[in-house]
Amino acid sequence: MAASPPRPEDWITVRPEGLYCVPGGFFVDPVRPVDRAVVTHGHSDHARSGHGCVLATAETLAIMAARYGAGFAGATQALAYGTKITLGGVRLRLVPAGHILGSAQAVLEHAGTRIVISGDYKRRRDPTCLPFQPVPCDVFVTEATFALPVFRHPDDRGEIVRLLDVHRRNPDRSVVVGVYALGKCQRVIRLLREVGHDGPVYLHGALAALCDLYAAHGIALGPLLPATDAGKAALAGALVLAPPAAVADRWARRLADPIVAMASGWMRVRQRARQRGVELPLVISDHADWDELLRTIDEVGAPRVWVTHGREEALVHAARARGVDARALAVVGFDEEES
Amino acid sequence: MNRFAALLDALVFTPSRNGKLRLLQAYFAETPDPDRGWALAALTGTLSFPAAKPAMIRALVAERVDAELFAWSYDFVGDLAETVALIWPARPGANASPHLAAIVERLGRTGRVEVPRLVEGWLDALDAEGRWALLKLMTGGLRVGVSARLAKTAVAGLGAATIEEVEEVWHGLTPPYGPLFAWVAGGGAPPPADEGARFRPLMLSHPLEETDLATLDAAEFAAEWKWDGIRVQIVATGRERRLFSRTGEDIGGAFPDILGDVGFVGVLDGELLVGREGIVAPFNDLQQRLNRKTVTVRQMASHPAFVRLYDLLLEGEEDLRGLPFDERRRRLEAWHDAYRPARLDLSPLIPFAGWADLVALRDGARASGIEGLMLKRRGSPYLAGRPRGHWFKWKRAPLAVDCVLMYAQRGHGKRSSFYSDYTFGLWAGDILVPVGKAYFGFTDEELARLDRWVRNNTVRRYGPVREVAPGLVLEIAFDGVQLSGRHKSGLAMRFPRIARIRWDKPAVEADRVEALAAMVA
Ligand SMILES: [Zn+2]
Ligand SMILES: [Zn+2]
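Read top to bottom, the protein sequences are chains U and E. According to my numbering, the first sequence holds residues 1 to 339 in order. According to my numbering, the second sequence holds residues 1 to 521 in order.
In short, the hints are calculated from the structure, not lab data. The structure presented is a predicted model; accordingly, all values stated were derived computationally and were not measured. Fair warning: there could be bad hints in the mix.
[As the list claims (entries may be wrong)] A few chain U positions that, by computed beta-carbon distances, are all more than 10 Å from chain E: (1) P8; (2) A66; (3) G71; (4) G88; (5) P149; (6) C211; (7) I219; (8) L224; (9) R270; (10) A314.
[As the list claims (entries may be wrong)] Pair ranges (Cβ atoms, derived): (11) E:E68 / U:G50: 36 to 44 Å; (12) E:F495 / U:A215: 54 to 62 Å; (13) E:A26 / U:R253: 23 to 31 Å; (14) E:G145 / U:I85: 40 to 48 Å; (15) U:R274 / E:S48: 24 to 32 Å; (16) E:T211 / U:D198: 20 to 28 Å; (17) E:E114 / U:R274: 49 to 57 Å; (18) U:D172 / E:R386: 30 to 38 Å; (19) U:V14 / E:F495: 33 to 41 Å; (20) U:G74 / E:E63: 57 to 65 Å; (21) U:A206 / E:E445: 22 to 30 Å; (22) E:P89 / U:D138: 24 to 32 Å.
[What the hints assert, rightly or not] Quick look at which bits of chain U chain E covers, simulated, 3 or more residues with Cβ under 8 Å: (23) 77-83; (24) 276-290.
All C-beta atoms in this analysis are idealised placements derived from N, C-alpha and C, irrespective of residue type, glycine included.
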């Protein structure tokens, strides 16, 4: 009598370090240093330093090196999108996730079962990375950052046009946009270029290195100038990008009577925007919105869905209502800042 | 509706008063009648739609959205109108977006049974911003940080009118205010002041600077107490009786005890107070009666209200506002003597020979119910607004305690990069209990220094709030202190403000909570 094939929950388990693939002997996006890690993308809550060996896309490895220094891991292995490798009886390939440059879904196959760990993802077009590719699977592991039906992201171009409009109508004031340093910053700049803004964009110092890295990967960002020593006169009528924390910090005092904007999916909720002192909320998100989360679950056609971080209960509830066997994974350590 | 929705949205995100005023003015200038008139009605709180209640909106959304998903969303967003606006499932190909005027008119004439279907159709036709504005409009309380007065100021600014002129005609007008806009923006004739029970704009005072005394002749002034209640106006015609706040808001519904005592025709200016057996109660007692639409018999008995009269503006049909203060005062006293209304008494004039008498009186004035002194020029007519040189308020010297800074919060707008909003406490044993909150009111250098101190002494962070180590003493001035069940310390300060930063003083030497309790009037 043949042994029944292992169930998915027997070979993918949740450990304190994160999601662990038992036969493959590796973690996916572990939050503590481990021997072998597959990293879906470069955001700091998914990509930590100090692992023995990191496997990721070449772009993600470059981002980690830029953030943590060249010695961020004992060893690294770059895996191109679509290339299959085998790790201890588990076949692994990386597929674009549409989240940021280099972001990937990890597609794992073992014992006739395919599990897709999608990391963070979105479904909108993003000029700075390859689009999300739905992979039919048996178990789909998904984030749930914006998993409430109040989150429906508007068209990002419309948001950028509003930003430019405010910028043009205020020739004496700085418009400072709070952006996450990795991904959001470069996407906002690319969108500005696409709608025809070709003047300089001023950057907080913390954003420069990753913009250089994107440019080196062929994503043209146009003229960028440092805001930090530009002087108040030059910053009057300037578009300035800065990390969210700097916008409400002493750093912002160098700006000329600034108008505070913020580019984030959280800006959908007025109260959230007001709490942060934002005057111009821009709803631009690198995560799937409610409709996109559900559409993705439909498209991959997985009978089972595991939900990692965010509003798990709502997504589990809605997936179950669609006849999907959904449950929340108690994965800790992801934060929601870079959303 | 889109324009109105965009206005509300912009108002929410514009912290400064001037910024809001600019937005309002641009809206009123660019929007045609009658939409702008309905917008003005909404902003001044003049509209109400009894058939459109939160329960109806919840029922509508329950037909479209899973109950649990709605509950989680409402929990996350925290505001019913915004939750419904965001969660409402769009129905492509729905009707065209309705005009504000059409919405107001149809809501006004549609019965309770048909309203839900009407609203549902609009929610389908509008985008999220429009839905939010519609729901805010229907349920009242826009909460966009615009007072009725600010909205009227914006209207006045369309032309050469003043806010006082607008207030003067306001109570004779009804939405959508066609004649008002025709006058202000179009240069037509002002609408006739209503003959009924309308509000007359109040005469207000300027704070007295100590240096002013040398330039003023004591013989030209009358003095009276500045009572610590709220300024009101009683308006009585043959048919109507009304009680207005100083901004012209009708608050009579909560004070039937006072209006029940009005059996004359005229307009009176006075201070609304709560008092028992001739003793004025602390402001907190009056607070129990304010901000409510109706009042119970029990509340009227436990918190009896009365008005202490300052001035007589109209006696019968006769307008006395052009007469000098002395003459009006004589008429007021004669009128009061003739009527003797039980709930209206006279604010007595204080006899004095020279300024020195008043200085002594003011410093000694610690009784509850007194905020300081008022000086009124004997020869001045009753002038609307805040004319210079006629009336002066001379607040009593503030009380003060040395408190310890406990929490700091980031400010708004220009000050959003500074910790400029402070919670401070006093010692109770060896722990600090918070006793109040105040904004910073000093120079930029001092603010920068305080901000630096906060950042360097933070022990914990809660979103925009930092808890700091107990190490900085703030001298807090305030106008009074009362017992309060709502505060942890059991005490509530009135108008606390930071008088000085005591960089020199060790925190352990700050005052104890008992010191503040001893100042309860
Ligand atoms: Zn991410
Ligand atoms: Zn994430």
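Evaluated hints:
The Cβ of U:P8 sits about 27 Å from the closest Cβ of chain E, beyond the 10 Å cut-off, so the non-interface label holds. Distance check for U:A66 against chain E: the nearest CB is about 28 Å away, which clears 10 Å, and the non-interface claim stands. At roughly 32 Å from the closest C-beta of chain E, the C-beta of U:G71 stays outside 10 Å, upholding its exclusion from the interface. Distance check for U:G88 against chain E: the nearest CB is about 40 Å away, which clears 10 Å, and the non-interface claim stands.
Not every C-beta of chain E lies more than 10 Å from that of U:P149, the closest at about 5 Å, which undercuts listing it as non-interface. The claim that U:C211 lies off the interface holds: its Cβ sits roughly 24 Å from the closest Cβ of chain E, which is beyond the 10 Å cut-off. The Cβ of U:I219 lies farther than 10 Å from every Cβ of chain E, with a closest approach of about 31 Å, so its non-interface assignment holds. Remark: the non-interface label on U:L224 is consistent with the geometry, its nearest Cβ contact in chain E lying 23 Å away (cut-off 10 Å).
With 10 Å as the threshold on Cβ separation, the claim that U:R270 sits away from chain E is violated: the shortest Cβ distance comes to roughly 6 Å. Against chain E, the non-interface label of U:A314 is violated: not every CB pair exceeds 10 Å, the least being about 5 Å. At about 41 Å, the beta-carbon gap between E:E68 and U:G50 stays in the expected band of 36 to 44 Å. For the hinted restraint 54 to 62 Å between E:F495 and U:A215, the CB-CB distance of approximately 56 Å keeps it satisfied.
Separated by about 29 Å at the C-beta atoms, E:A26 and U:R253 satisfy the suggested range of 23 to 31 Å. As the Cβ distance of E:G145 to U:I85 is approximately 58 Å, the hint placing it in 40 to 48 Å is violated. Taking the beta carbon of each, U:R274 and E:S48 are about 26 Å apart, inside 24 to 32 Å as hinted. At roughly 58 Å, the beta-carbon separation of E:T211 and U:D198 lies outside the given 20 to 28 Å, and the hint is violated.
Take E:E114 and U:R274: their Cβ atoms lie about 36 Å apart, and the range 49 to 57 Å is violated. Between U:D172 and E:R386 the Cβ separation comes to about 32 Å, which falls inside the hinted range of 30 to 38 Å. One distance hint, 33 to 41 Å for the beta-carbon pair U:V14 and E:F495, is violated here, with the actual separation near 55 Å. Hint check: U:G74 to E:E63, Cβ distance near 58 Å, so the stated range 57 to 65 Å holds.
In this structure the hint that U:A206 and E:E445 lie 22 to 30 Å apart at CB holds, the actual value being about 28 Å. Here the CB-CB span from E:P89 to U:D138 is close to 31 Å, well matched to the stated 24 to 32 Å. Remark: the stretch 77-83 of chain U is not confirmed as covered by chain E, as 0 of its residues place a Cβ nearer than 8 Å to a Cβ of that chain, below the required three. Only when three residues or more bring their CB closer than 8 Å to a CB of chain E does the claim for the stretch 276-290 of chain U stand; here the count is 6, and the claim holds.
In the structure shown, a violation is registered for the earlier hints numbered 5, 9, 10, 14, 16, 17, 19, 23, in ascending order.
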